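Asker: Given only the sequences and the hints, what does the whole structure look like? Please build it.
Residue numbers (the numbering used here), protein chains in the order written: chain P, 1 to 327; chain H, 1 to 267.
Keep in mind that the hints are not guaranteed to be accurate.
Not the full set, but computed from the structure, chain H residues with beta-carbon under 7 Å of chain P [said to hold, decoys possible]: (1) Val7; (2) Arg9; (3) Gln97; (4) Leu99; (5) Thr100; (6) Arg260.
Label-pair restraints from in silico Cβ distances [said to hold, decoys possible]: (7) H:His137 - P:Ile32: 50 to 60 Å; (8) H:Val200 - P:Gln93: 45 to 55 Å; (9) H:Ile51 - P:Ile32: 37 to 47 Å; (10) H:Tyr208 - P:Pro60: 51 to 61 Å; (11) P:Thr48 - H:Gly186: 48 to 58 Å; (12) H:Arg144 - P:Arg92: 42 to 52 Å; (13) H:Arg17 - P:Ala248: 55 to 65 Å; (14) H:Ala5 - P:Ile32: 19 to 29 Å.
Just so you know, these hints were derived from the structure itself, not from any lab.
Just so you know, these numbers come straight off a predicted model, no measurement behind them.
We treat Cβ as the ideally placed atom computed from N, Cα and C, and that holds for glycine.
One letter stands for each residue in the lines below.
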Amino acid sequence: MNAPGGFGGAPRVVELRDIRKTFNVYRRRGRIRRERSQVDAVAGISFTIERGEMVGYVGPNGAGKSTTVKMLTGILVPSSGFVRVLDFEPTRQRVDLARRIGVVFGQRTQLWWDLPLRDSFELLRHIYRIPPDVYDRNLAEFGEVLDLEPFIDTPVRQLSLGQRMRGDLAAALLHAPEILFLDEPTIGLDVVAKARIREFLARINQERRTTILLTTHDMDDIERLCKRMLVIDHGRVIYDGDLATVKARYGADSVLVVDLEEPAPPIEVDGATVERVDGPRQWLRFRREQMSAAALIAAVAAKASVRDLAISDPDIEDVVRRIYGSA
Amino acid sequence: MASRAGVYRRLAMSRVRAHFEYRVSFALQFIGAFLLNFLEFIAVLVIFHHISFLAGWSLPEVAFLYGSSAFMFKFADMLMTNMDRLPTIIRMGTFDQVLTRPLGTLGQVMTGDVDLRQIGAMTQGCLVFLYALGHVHIEWTPERVAVLGSMLVSAAAIFCGIFVAMNSIAFWTTDAREVANSFTYGGQAFTEYPLHIFGVWMRRLMGYLIPLAFVNYLPSLYILGKGDPTHTPVILRFLSPVVAVAVLAVAGAIWRVSVRHYRSTGS
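Answerer: Here you go:
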């Protein structure tokens with residue numbers, strides 16, 4: 001790996017080697033007897049993240065994403081394996097590590113429900129012992145970029161989900177952490193709120209070189225933010241690489257949808273396969289690097305009269321589905 | 001260290017202010033806590049309405065035990081308001097938040113809520129204790145005053161330790177509350193009466209294994225100048241502060257081991 005010469009510290013900020021987390025699960029058998037079985041939530045994961053990277057961590061529910069993040073942030077003790085975050089062993093050096101990382105869980109707030117946002121920030125200033133100049137500068141910047149001013153004096157419980165998430169992001173970054181861990185930061189948000197949060201994360205990553213690890217279900221998050229993607233399933237990493245490569249490798253198929261003047265048998269064109277026929281409408285799957293869209297359209301038009309058409313390019317969700325399928 | 005104490009004080013104050021947001025509810029619950037606890041003491045009075053001595057102890061002497069126990073237990077209970085809620089905090093996964101902040105876990109849980117309504121309950125124990133002090137016969141010496149002071153502080157510390165140790169069970173099993181309560185609230189009821197009215201196994205388990213005898217019974221023997229029907233060494237009457245420190249150390253160790261056992265929740 002080519003290290004991008006770290007800014008004040010080792011370029012490698014996260015290192016996991018063969019990390020496992022096993023949970024005991026008890027199942028009732030009869031009235032009293034319980035049967036114990038072991039489930040590997042994370043079954044031997046290894047990866048490293050370098051300073052300044054923005055990594056998307058993707059996987060279906062129960063794949064082990066959150067468990068991994070919790071082991072990196074010192075919440076869960078790994079069953080076995082080697083973890084270092086900023087050279088700290090997360091659970092043993094939890095307090096030292098906590099000062100230098102930020103954590104946001106989309107599903108639950110880190111703020112105080114009954115306090116105005118401003119008071120929560122003030123408490124965090126003391127908890128993290130943030131120097132006054134850093135605090136003032138960060139609060140001013142985040143306040144402006146995330147537009148916190150309209151609701152900074154409102155108790156957190158009265159905020160909308162989008163406002164709360166903006167508050168949570170600011171709260172997690174006030175102490176200028178070197179790494180930001182985000183677990184589903186855009187979950188449940190509307191399009192506008194999502195866009196705003198993505199814009200903010202991109203800015204933090206570029207301007208401050210804050211390393212970001214982002215777990216998400218939302219492939220748009222990954223597509224818009226992350227160069228690198230880690231895909232996990234059943235507790236194992238099944239893909240680790242950049243987004244462009246993964247698209248080329250797993251799912252470069254585009255689809256041409258044509259509406260014919262009248263229903264016809266599947267159109268045969270070299271380099272394309274008819275995937276579906278529904279009355280006068282047909283779906284043709286093709287690869288752009290083998291055949292241009294224009295050539296395909298011409299070939300189809302030569303065989304049948306076309307009334308309307310549309311082309312859809314593969315999105316990252318297709319790609320991930322294919323990775324799961326091939327794993 | 002000083003600045004860390006400052007942070008905890010700030011966290012605690014933010015909780016106190018939050019409770020004061022609802023003033024009427026605060027006042028009603030304050031009065032409620034007082035009355036509820038006062039009814040408990042009525043039960044003791046009822047016993048003494050029928051008998052004038054309980055295993056050789058007069059009403060003011062039992063009130064001395066009852067009052068010191070209730071007073072210090074409610075004080076510990078107030079410091080540990082949020083500890084009662086630990087099973088819920090763990091089950092809901094909100095303990096994650098505690099672990100992501102650069103502060104000790106125990107301090108954060110303790111300052112996660114401070115319920116001043118418990119002062120209502122404390123007042124009742126305090127009044128009973130003052131009544132007892134006014135009615136028992138004590139030959140006051142500097143030594144007795146010192147033992148009285150150390151008894152109260154040690155009692156609060158032992159109760160706090162038991163709260164921490166017993167609620168740590170919540171990290172291991174989801175059905176922790178009943179077990180924890182039987183030793184915390186049950187333990188307090190145990191210290192309301194002279195130890196020697198209980199059977200030998202109960203005394204060994206609750207009095208010495210869980211060292212509730214040191215909360216008030218043993219030092220009270222010295223302060224009130226009572227004989228000990230269970231014939232324990234006299235030195236034990238002065239060991240409450242040592243036992244209290246030991247209880248806190250063991251409780252802290254149990255807490256630390258238990259936190260490492262935290263499983264969090266899905267997502």
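Asker: Indicate, hint by hint, whether the structure satisfies it.
Answerer: Hints and how they fare:
no.: 1; hint: Val7; in the structure: holds, 5 Å
no.: 2; hint: Arg9; in the structure: violated, 10 Å
no.: 3; hint: Gln97; in the structure: holds, 6 Å
no.: 4; hint: Leu99; in the structure: holds, 5 Å
no.: 5; hint: Thr100; in the structure: holds, 5 Å
no.: 6; hint: Arg260; in the structure: holds, 5 Å
no.: 7; hint: H:His137 - P:Ile32: 50 to 60 Å; in the structure: holds, 55 Å
no.: 8; hint: H:Val200 - P:Gln93: 45 to 55 Å; in the structure: holds, 48 Å
no.: 9; hint: H:Ile51 - P:Ile32: 37 to 47 Å; in the structure: holds, 44 Å
no.: 10; hint: H:Tyr208 - P:Pro60: 51 to 61 Å; in the structure: holds, 54 Å
no.: 11; hint: P:Thr48 - H:Gly186: 48 to 58 Å; in the structure: holds, 52 Å
no.: 12; hint: H:Arg144 - P:Arg92: 42 to 52 Å; in the structure: holds, 48 Å
no.: 13; hint: H:Arg17 - P:Ala248: 55 to 65 Å; in the structure: holds, 58 Å
no.: 14; hint: H:Ala5 - P:Ile32: 19 to 29 Å; in the structure: violated, 47 Å
In summary, the numbered hints that this structure violates are 2, 14.
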